[in-house]
Amino acid sequence: MIKARFKPYLLLAPAILLALVFTYAPFIKAIVSSFFNVRLDGSLGSFARLGNYAGLLDNQIFIQSLWNTFRFMVFFVPLNLVLILLAVVLTERQTKLNSVYQTMFMLPMAMGMSSMALVFKYMYRPGIGIVNRLIGVDVQWTNDAGAAMTSVVILGIFLDFGLDYLLLLAAMRNLDKAPIEAARLDGAGEWKVLTRIKLPLASPTIFFILFISIKDALLISAPIMVMTEGGPFRSTQTLVYYYYIEAFRNSNHGTASAVAVLTFLVAAIITGLSMIVDKRSVHYADK
Amino acid sequence: MRTSRFIMAILAGMLALIVLFPFAYALMASFFAPADFATSPAPFLPSQWRWGNYTRVLTQGWFPTYIMNSLVTGLLSTTIRSLVAFLAAYAFSHFRFRFSKAAYLAIVLTLFIPGDLLLSGNYQLIQDLHLLDSYIGIISTSLLGASQIIMLTAFMRSIPTSIHESALMDGTGDWDYSVHILVPLSRAVISTFLLQGFVSMFNSYLWPLIVTNSPAKRTVQIGITMLGYAESLDLGPVFAAIIIVFIPFLITFIAMRKRIMEALRQGYMNT
Numbered sequence: 042m043i044k045a046r047f048k049p050y051l052l053l054a055p056a057i058l059l060a061l062v063f064t065y066a067p068f069i070k071a072i073v074s075s076f077f078n079v080r081l082d083g084s085l086g087s088f089a090r091l092g093n094y095a096g097l098l099d100n101q102i103f104i105q106s107l108w109n110t111f112r113f114m115v116f117f118v119p120l121n122l123v124l125i126l127l128a129v130v131l132t133e134r135q136t137k138l139n140s141v142y143q144t145m146f147m148l149p150m151a152m153g154m155s156s157m158a159l160v161f162k163y164m165y166r167p168g169i170g171i172v173n174r175l176i177g178v179d180v181q182w183t184n185d186a187g188a189a190m191t192s193v194v195i196l197g198i199f200l201d202f203g204l205d206y207l208l209l210l211a212a213m214r215n216l217d218k219a220p221i222e223a224a225r226l227d228g229a230g231e232w233k234v235l236t237r238i239k240l241p242l243a244s245p246t247i248f249f250i251l252f253i254s255i256k257d258a259l260l261i262s263a264p265i266m267v268m269t270e271g272g273p274f275r276s277t278q279t280l281v282y283y284y285y286i287e288a289f290r291n292s293n294h295g296t297a298s299a300v301a302v303l304t305f306l307v308a309a310i311i312t313g314l315s316m317i318v319d320k321r322s323v324h325y326a327d328k
Numbered sequence: 597m598r599t600s601r602f603i604m605a606i607l608a609g610m611l612a613l614i615v616l617f618p619f620a621y622a623l624m625a626s627f628f629a630p631a632d633f634a635t636s637p638a639p640f641l642p643s644q645w646r647w648g649n650y651t652r653v654l655t656q657g658w659f660p661t662y663i664m665n666s667l668v669t670g671l672l673s674t675t676i677r678s679l680v681a682f683l684a685a686y687a688f689s690h691f692r693f694r695f696s697k698a699a700y701l702a703i704v705l706t707l708f709i710p711g712d713l714l715l716s717g718n719y720q721l722i723q724d725l726h727l728l729d730s731y732i733g734i735i736s737t738s739l740l741g742a743s744q745i746i747m748l749t750a751f752m753r754s755i756p757t758s759i760h761e762s763a764l765m766d767g768t769g770d771w772d773y774s775v776h777i778l779v780p781l782s783r784a785v786i787s788t789f790l791l792q793g794f795v796s797m798f799n800s801y802l803w804p805l806i807v808t809n810s811p812a813k814r815t816v817q818i819g820i821t822m823l824g825y826a827e828s829l830d831l832g833p834v835f836a837a838i839i840i841v842f843i844p845f846l847i848t849f850i851a852m853r854k855r856i857m858e859a860l861r862q863g864y865m866n867t
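Going down the list, the sequences are from chains B and S.
For the first sequence, this note's numbering assigns the number 42 to the initial residue and increments by one for each residue that follows.
For the second sequence, this note's numbering assigns the number 597 to the initial residue and increments by one for each residue that follows.
Calculated from the structure, these hints are not laboratory results.
No residue lacks a Cβ here, since even glycine has one placed at the ideal position from N, Cα and C.
Misleading hints may appear alongside valid ones.
As the list claims (entries may be wrong) - Okay, the calculated bits of chain S under chain B, using three or more residues with CB under 8 Å as the criterion:
#1 602 to 612
#2 800 to 814
Said to hold, decoys possible - No farther apart than 30 Å at their CA atoms in a straight line, the calculated lysine-lysine pairs in the DSSO-like style are these:
#3 B/137 with B/218
#4 S/854 with B/233
#5 B/48 with S/697
#6 B/233 with B/137
#7 B/256 with S/697
Claimed, not checked - Quick look at which bits of chain S chain B covers, simulated, 3 or more residues with Cβ under 8 Å:
#8 730 to 742
#9 839 to 849
Based on the sequences and whatever the hints tell you, model everything.
Below, the structure is given as structure tokens:
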């Protein structure tokens with residue numbers, strides 16, 4: 042460590058400048074705008090107090106977007122976690138066959154979000170889509186309000202599957218070997234070793250994945266834009282999608298800012314929790 | 597024991613089939629004729645192998661431009677982002693100065709603010725600077741990698757200070773020390789950042805969508821949804837485009853599988 046007068050400030054200048062210009066400035070602007078009536082060009086009009094927030098409570102479209110986001114979260118988060126746990130448990134032993142499976146399971150990481158959303162959009166087509174043919178049904182996947190949310194959840198799981206799978210697999214690979222060996226010596230079966238020792242040891246990573254998926258669910262918008270455009274009848278329009286529409290299509294900057302601020306609050310809480318958990322997982326890896 | 601392992605392998609195989617299906621279908625559909633998309637029941641194999649879909653998407657329309665734009669913005673953003681992170685981490689790990697803690701906190705706290713909710717403020721700024729439809733506009737919001745700075749700072753702090761001190765005694769300047777000692781030592785970390793940075797820029801959707809209006813500056817992620825074949829059910833070229841973009845990433849990911857796993861283990865990919 043050296044004491045220096047100017048050098049560290051110079052070195053830090055680009056990072057700090059970027060943080061100020063592209064994160065803090067628009068962040069503060071969003072908070073301020075949320076208390077004002079904002080003109081179409083984005084300049085501040087009269088002070089609105091809590092008017093923008095109060096307006097949201099009567100706003101059917103906002104309530105529906107909030108409800109949709111919640112519905113997505115409730116289905117996506119547990120299903121995502123269960124499938125990843127299943128995939129890791131099935132393939133974590135180091136065998137030749139499993140290394141082939143491992144490569145297959147990380148494939149979804151290599152396809153871009155909008156490519157994946159497009160593939161699903163066309164696979165889901167009602168009547169002539171391949172999904173309906175495979176499972177022998179005729180569901181109006183993207184035309185029916187109930188089915189549309191299911192199709193979005195499935196897409197969401199595919200999008201996160203590769204990275205989450207690798208995260209957990211890497212964690213399982215690097216568990217402290219001593220307790221595992223000890224349990225085996227004591228004659229514990231593989232199932233017991235897995236459920237009583239390996240999974241608890243990997244729990245920081247499992248919690249980390251859980252928080253990340255909650256945050257992803259809170260913020261999901263782009264895949265939905267590509268696949269369903271929020272439809273049918275706004276049944277898949279989420280919070281961030283609603284923010285996007287208010288800000289960029291309706292130029293309703295006051296309302297958009299209020300939505301953004303509320304979402305910030307929830308996201309900050311989730312990120313904070315995930316960081317606490319992540320610290321613990323780093324701690325585990327050090328041991 | 598034997599049977600339970602057998603059952604696990606079968607179950608994993610079934611799961612793998614489901615995971616692979618969209619990729620297999622996309623590959624098959626990239627050879628479909630327009631009629632194949634309208635046939636009921638939906639076919640899995642193409643009626644004939646139409647390589648023409650690939651030549652069409654590669655020679656007509658904007659797709660090659662989109663690829664070019666994605667490559668340029670991806671490389672630019674990754675390079676600048678890694679450089680900014682390197683400089684900042686160097687300052688945090690090698691110097692003692694006033695406001696060091698405050699500056700570090702300011703960087704860490706950006707992680708709490710999701711960029712997707714800053715779109716409208718950032719858009720107005722880019723518009724005021726007349727940077728819509730420009731590469732600088734597209735990459736502007738991705739240049740600060742806070743998690744990269746955190747990881748790199750932690751890594752540089754783990755390097756024994758004696759190395760830096762003896763370099764200083766030999767009269768080695770910051771530049772030589774960075775290039776000949778620090779960069780080689782952090783090679784594994786930095787190469788993971790480069791891959792991660794490129795993938796995240798390449799995959800970003802919302803921001804490039806709103807700051808580009810002209811197709812000449814669109815990136816692949818946006819452009820691929822606007823190729824203009826969908827109206828006529830002539831989707832073969834769209835799927836061909838999807839496969840063309842997918843293949844290089846597939847190869848990179850398989851080749852770097854071990855390194856990605858290692859990086860994940862050390863937590864470098866947590867965003």
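Hint check:
{"no.": "1", "hint": "602 to 612", "verdict": "holds (count 7)"}
{"no.": "2", "hint": "800 to 814", "verdict": "holds (count 3)"}
{"no.": "3", "hint": "B/137 with B/218", "verdict": "21 Å, holds"}
{"no.": "4", "hint": "S/854 with B/233", "verdict": "29 Å, holds"}
{"no.": "5", "hint": "B/48 with S/697", "verdict": "16 Å, holds"}
{"no.": "6", "hint": "B/233 with B/137", "verdict": "24 Å, holds"}
{"no.": "7", "hint": "B/256 with S/697", "verdict": "27 Å, holds"}
{"no.": "8", "hint": "730 to 742", "verdict": "holds (count 5)"}
{"no.": "9", "hint": "839 to 849", "verdict": "holds (count 6)"}
Consistency note: the structure conflicts with none of the earlier hints.
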